[in-house]
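Peer 1: Starting from the given sequences, assemble the full structure and let the hints guide the process.
Heads up: the protein sequence lines correspond to chains A and B, in order. Take 1 as the starting number for the first sequence in the working numbering and just add one per residue. Take 280 as the starting number for the second sequence in the working numbering and just add one per residue.
Hint data in this document are derived by calculation from the structure and do not stem from the laboratory. Backbone N, C-alpha and C define an ideal beta-carbon position, used for all residues, glycine too.
According to the in silico footprint, chain A covers these stretches of chain B (three or more CB under 8 angstroms from chain A):
no. : stretch
1   : 345 to 354
2   : 375 to 383
Partner residues aside, some chain B positions facing chain A, computed with beta carbon under 8 angstroms:
no. : residue
3   : Phe-332
4   : Met-334
5   : Ala-337
6   : Ala-339
7   : Asp-340
8   : Asp-370
9   : Gln-371
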Amino acid sequence: MTQEEAKKLQRIAQNIRLSVVKSITAAGSGHPGGSLSVADILTTLYFKVMRIDSKDPTWPDRDRFVMSKGHAAPALYATLAEAGYIPKEELITLRKLGSRLQGHPSMRQVPGVEMSTGSLGQGLSAANGMAIAAKLDNRPTRVYVIIGDGESQEGQIWEASMTSVHRKLDNLMVFLDYNGLQIDGTIVDVKSFTNPAARWEAFGWHVLEIDGHDIEAIYDACEEARATKGRPTLVVAHTVKGKGVPFMENIVDWHGKAPSGEQAEEAIGHIEAVLGSLM
Amino acid sequence: MADVPQKIATRAAYGKALVRLGEINRDVVVLDADLSKSTRTDAFAKKFPERFFDMGIAEADMMGTAAGLAASGKIPFASSFAIFASGRAYDQVRQTAGYCRLNVKIGASHGGITVGEDGASHQSIEDVALMRVIPGMTVIVPADAIETEQAVFAAARHEGPVYIRTGRSAVPIVFDEGYKFEIGKAATVCEGNDVTIIACGVMLSASLEAADILCGQGVSARVLNMATIKPIDVEAVVKAAEETGALVTAEEHSIIGGLGSAVSEVVGEMCPVPVERIGVRDVFGQSGTPDELMKVYSLTADDIVRAAVRAIERNGT
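Peer 2: Written as structure tokens, this is what we have:
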């Protein structure tokens, strides 16, 4: 990846962060922390890695993305808007009566949303189904998933992880958004989930560990996953919850609340300053 | 021989139907959760190994995987015991098959207390209620092998999630080959004017037996087979209420939330007449033979007869 390209992607990620803050502020509720932590992964997937066409969102050979941690919906919607699936102006209707942009993603309402999620732990199973279907039909489709670290306390994640390996789903790649926080506190305090790489390796996955905000590292991981045959790849993406908004970073409280108008201004000011430095 | 009706378990008919369906529709895939010999999906597994997925003992994962397959254009039949398909994986069915309106077909075998010796942990008496309350879910409880086979094909043609509940025990063939099952349409199996017995699943043959007994007592009982619990055939229920004035529902399920509730909802809103519900009366089952259990939980032809008499009496007062 050229430096110029990396910069372009970083700008997109910052624009996604801007939309996350603006839409959650307009909604008066939502989940900023875990939305901001996945912005760089989403950017790399949608603007560099995935074979998709926003003009033809049901193209059978397309790659699929499943946001298993559905509360990061604002980041997914912002990404889909950047990619041209939905109008950017629509983002401020998030969580409002009559809006397509439900609090958690609904595949029947938003083009580009491949699976409705929100009840945690279920996205990987659905992604397995998509990866199996692609293999049955000999399609080039690859399936990408983001799961949360808190979400990994759900047993179904581990049921599904066994399926992915048993079915040799090398067309499947999972990002673990390892930001270390959940609603009630740190993962370590609530129900510790240490050394995820070892856990996933023990389940038979090809495991990588990267800085989840380093776009080049994210891209390289995707390339390595693509080249890995016979088993699925899981990336432990070390991330910062609230990344990009200094007063939200690593603060548990910003899991699920909207900033005030004043706080939003501060957040937007900061993101725009970073954006300016990337020009 | 002609007098002895042939008996086949509806789960066996389900397994056979899947094979036939698989032959004509390549998009049909079957999933199971380590019960393929019991749910009878093993025949499909043998014939189409590349389209059969044993998900191991992981019903939640199975339902999610089925959703992903459906989202990619497949027609998955996810099979397990009714207790696990509906209860163990309830949220997965609700969030994906239901909320996403995906083309997931749930083949739930071993419904009700005729599971028998395995006991209450395996006797599903709540599944129809659980599935019926999910928006957009179609719920079918076929009465015999003929109807089961047709229900499987109808489910595959239907766009959206379908729950098909079958049973473990062999039950008499009631319908002939000319029978046409249609989702949402009740079938009048026996004409009558004094009372209507509305039945589903294994209770259909008991209801026909009850109608015979009632006939001997000078009571003319209509028997309506209500294989589709949802969407229920409102027109048929109203017609039965208006024409016979008294109803009995008969199901191998809790009297709460299943056929009895569905019929009562229609009747209560549209044409109030006495309704007597035959079903499991808000208790868990226990180990025993199917026949023993049907007697203990008052699900026999004699119980239906008594309920019919009560309904007629209430209508007269």
